[in-house]
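Q: Starting from the given sequences, assemble the full structure and let the hints guide the process.
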Amino acid sequence: MSPNWRLIATSIVAAAMAGPLPGEMGADPIFSPEARELSKTLQSAGVIRGRVEVRKPLAQSERRPGIGDLGMSLAREVTDRTRAVVYLESAPAGAFDDPGPFRATMDQRNETFVPHVLAISVGTTVDFPNSDQTYHNVFSLEKTRRFDLGRYAAGRSKSIRFDRSGIVRVFCEIHSHMSAFILVFGHRYFDITGADGRYQIAGVPPGRYTVVAWNEGGARESRVVVVPDDGGSVEADFMLQ
Amino acid sequence: MYKTRQRSNVKGQILAFASGLMLMASVAPAQTLPSGPLSFGDGRVTVAADLSLTASTPDDRGAWFNYTDYEHNVLRLIRFGVSASVRITDRVALLGEVRSENGNTFKPYAGYVRVRPWKNRAFDIQAGRIPPIFGAFARRAYAADHPLIGYPLAYQYLTALRPDAIPATVEDLLRMRGRGWLTSYPLGQLTPDRGMPLVTASRWDTGVEVRAGSGPLKVSAAVTNGTLSDPRARDNNGGKQISGRVEWRPAAGFIFGASGAHGAYLADSVKPFTVGRGPVPSAAGRQQAVGIDVEYSRDQWLARGEVIRSQWGVPTLSFSPSALGMFAEARYKIWPGLFVAGRVDRLTFSSVRSDDRTLTWDAPVSRFEGGLGFYLQRNLLIKGAYQRNWRDGGRVRDRGTGALQLQFWL
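Going down the list, the sequences are from chains W and L. Taking the working numbering, the leading residue of the first sequence gets 1, the next gets one more, and so forth. Taking the working numbering, the leading residue of the second sequence gets 1, the next gets one more, and so forth.
None of these hints come from the bench; they were simulated from the model. Idealized CB from N, CA, C, for every residue including glycine. Every clue listed holds true.
Some but not every residue of chain W turned toward chain L, in silico, with C-beta under 8 Å: (1) Arg64; (2) Pro65; (3) Phe147; (4) Asp148; (5) Tyr152.
A: As structure tokens, then:
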């Protein structure tokens, strides 16, 4: 599983701003009370981790039969449909304090969106580079974010900023078998499972949370976890049918 | 009696259209409709479907600008198609499509085997009822590939020539000007029937085709039973059609194609009637056609154009009637899911001298169509269009028609 670099970077910056805690080096008047509070929160923050097993992942999207084609098309690109997104249903206080803006990338390679599932925070701008030799036309008709980037060639990239939370299904107008999901969250407490099904949501303040696991096949499961006051790690496994 | 049946037919179509519209509209917001083809056996079998409901007013009867035969009007049509592909190995696949129009029995539209002899070489062989290699429009088989509702004239408008009946004289031919929907001639099949378009988009031919590609260049060639105007499942004309196409894609979004075809179109049943009657030019009974097509797209724009010239040899005539069809169309997406489109279209015919007058052998037609399309969801599209036709002959010379089309596919 890839580490949540954005969260780690945010934590490092915040910790640097906060400096040593009172009692360690004595009170230092240059740090604000808010910075000290943030530092305390980070020190006591917990980690929710676990594994998601997707029992019946969706079948690969196939091309339409291509009756009008004069020859065979490219070999099918296989995407991992077992990836799940795990997130906190309700965000803790301070969840919306991320500095942003963030940036993410969804590539178009071999007539496939890569990654197939992307999870981002509200305010994130997603780049859609075209790495194929043919045109692509990324669009979505979802209410969360309705857009159409038009046709553009290899080497070019277009971007869209996502300002509302929700699930955005993305397609290519030219290649009907190309589809992807972008999950937009109003906070930063989410992660996408790795190839081994594991996830980790770090920096979660102490408290009681509902954790949700989602897979594109429509499966969704939630459970309540409690992050203790002194932080630490909490395990929560899911099995999506 | 006829009018009663006609009214009942139209009423039925409108009711079917309305009920389909209501059904789809009711489920569309919930996003419950399937969004892609069904696949089985780890993707080896893929099944897709395509439904289009088209209604228009006023009816085109009497003018017959949009009829593909006496019964079928492309602006008043309920079409349901099911297509499938079966990947037998990495090199061999079976593909087919059946269609039902206006609730009639399903008929095969395509059915062929696709073979790639060398896995890593862009060389393919297709045999059976195969997609036409001539031009570009006829291969855009799915309704959603068309930004408008009507077809280009060259691919749909019925000329006065028939494959199973021929005029004995020039005057016989000129009497049928502007009456391609139901023509009759004294030689061959005497029953009135439809004429032929330059290229038939509603039926595919049967034969073998090969395609080879290298970088931006692709070359295709085909041998088929029928011709562009009269595709055939079984050969009834005593000769094959040879067609070819060169396609060049110098850059993403730009396609340039040049096509040619030459083959026997006249049914064997007509040939005994031609013995000893008038001149028999070398091209008698054969159709020859050339065409160029261009497509350019970028950002929100898509523009296409085609020019097709076709010539038919008629054994009893001293000249070979020819026709020139050309159209240009464009689509612009003005908002996500909403587009505007337009097409200008012209079909002209060669001239012939009869008595003391010179006339084109069929009545030239001009067409304009403009419309809007809106995606209710990715695979549910509603289109509205206005089409106007002008013809230099026939009973009705000018008619405007409004049309609405709902399309769903997976």
